[in-house]
Amino acid sequence: MIKVKVKLYATLRRYAPQAAIGEPIIVQVEEGTLLRDLFAQLHLPEDEVRIVFANGRLKEEDYLLQDGDRVAIFPPIGGGVVLVGGK
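In this text, residue positions in the sequence shown follow this note's numbering: the first is 469, and each later residue adds one.
Accuracy of the hints is not assured; some may be wrong.
Stated by the list, open to error - In the DMTMM-like style, the derived pairs of lysine to aspartate or glutamate whose C-alpha atoms are separated by at most 25 Å in a straight line are:
#1 K471 - E529
#2 K473 - E498
#3 K527 - E514
#4 K471 - E498
#5 K527 - E498
#6 K475 - D535
#7 K471 - E516
#8 K527 - E516
#9 K475 - E499
#10 K475 - E498
#11 K473 - E514
#12 K473 - E528
#13 K471 - E528
#14 K471 - E491
#15 K475 - E491
#16 K475 - D505
#17 K473 - E516
#18 K473 - D505
#19 K475 - E529
#20 K475 - E516
#21 K471 - D535
#22 K473 - E529
#23 K471 - D505
#24 K475 - D515
#25 K473 - D515
#26 K475 - E514
#27 K473 - E499
#28 K527 - E499
#29 K473 - E491
#30 K527 - D515
#31 K471 - E514
#32 K527 - E491
#33 K471 - D530
#34 K471 - E499
#35 K473 - D530
#36 K473 - D535
#37 K475 - D530
#38 K475 - E528
#39 K527 - D505
Don't read these hints as lab results, they were simulated from the structure.
Using the sequences and the hints given, assemble the complete structure.
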């Protein structure tokens, strides 16, 4: 088993209610675990995971987790500017 630190952001925090805001959760996974496997273990719906960093670097879901990795998972993010009067 290896341990990774996971931070869930925005709407994904509801999948780790035991974690204080801004604090990571420690997750134990089997060696050979990919990011996509971690999402399943945390019960994160695929359509709610958009951006993932491991150790500060953008990663794809086929990234092989390593002991001590720091993983940050973000949902789709909306926003922007509403223009009034076409300006």
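Now for the hints, and whether the structure bears them out:
no.: 1; hint: K471 - E529; verdict: holds, 18 Å
no.: 2; hint: K473 - E498; verdict: holds, 14 Å
no.: 3; hint: K527 - E514; verdict: holds, 15 Å
no.: 4; hint: K471 - E498; verdict: holds, 9 Å
no.: 5; hint: K527 - E498; verdict: holds, 19 Å
no.: 6; hint: K475 - D535; verdict: holds, 16 Å
no.: 7; hint: K471 - E516; verdict: holds, 23 Å
no.: 8; hint: K527 - E516; verdict: holds, 16 Å
no.: 9; hint: K475 - E499; verdict: holds, 20 Å
no.: 10; hint: K475 - E498; verdict: holds, 19 Å
no.: 11; hint: K473 - E514; verdict: holds, 20 Å
no.: 12; hint: K473 - E528; verdict: holds, 17 Å
no.: 13; hint: K471 - E528; verdict: holds, 19 Å
no.: 14; hint: K471 - E491; verdict: holds, 15 Å
no.: 15; hint: K475 - E491; verdict: holds, 7 Å
no.: 16; hint: K475 - D505; verdict: holds, 16 Å
no.: 17; hint: K473 - E516; verdict: holds, 19 Å
no.: 18; hint: K473 - D505; verdict: holds, 15 Å
no.: 19; hint: K475 - E529; verdict: holds, 16 Å
no.: 20; hint: K475 - E516; verdict: holds, 14 Å
no.: 21; hint: K471 - D535; verdict: holds, 5 Å
no.: 22; hint: K473 - E529; verdict: holds, 16 Å
no.: 23; hint: K471 - D505; verdict: holds, 14 Å
no.: 24; hint: K475 - D515; verdict: holds, 18 Å
no.: 25; hint: K473 - D515; verdict: holds, 22 Å
no.: 26; hint: K475 - E514; verdict: holds, 17 Å
no.: 27; hint: K473 - E499; verdict: holds, 15 Å
no.: 28; hint: K527 - E499; verdict: holds, 18 Å
no.: 29; hint: K473 - E491; verdict: holds, 9 Å
no.: 30; hint: K527 - D515; verdict: holds, 16 Å
no.: 31; hint: K471 - E514; verdict: holds, 22 Å
no.: 32; hint: K527 - E491; verdict: holds, 21 Å
no.: 33; hint: K471 - D530; verdict: holds, 18 Å
no.: 34; hint: K471 - E499; verdict: holds, 9 Å
no.: 35; hint: K473 - D530; verdict: holds, 18 Å
no.: 36; hint: K473 - D535; verdict: holds, 9 Å
no.: 37; hint: K475 - D530; verdict: holds, 18 Å
no.: 38; hint: K475 - E528; verdict: holds, 16 Å
no.: 39; hint: K527 - D505; verdict: holds, 14 Å
Violated hints for the displayed structure: none, as all numbered hints are satisfied.
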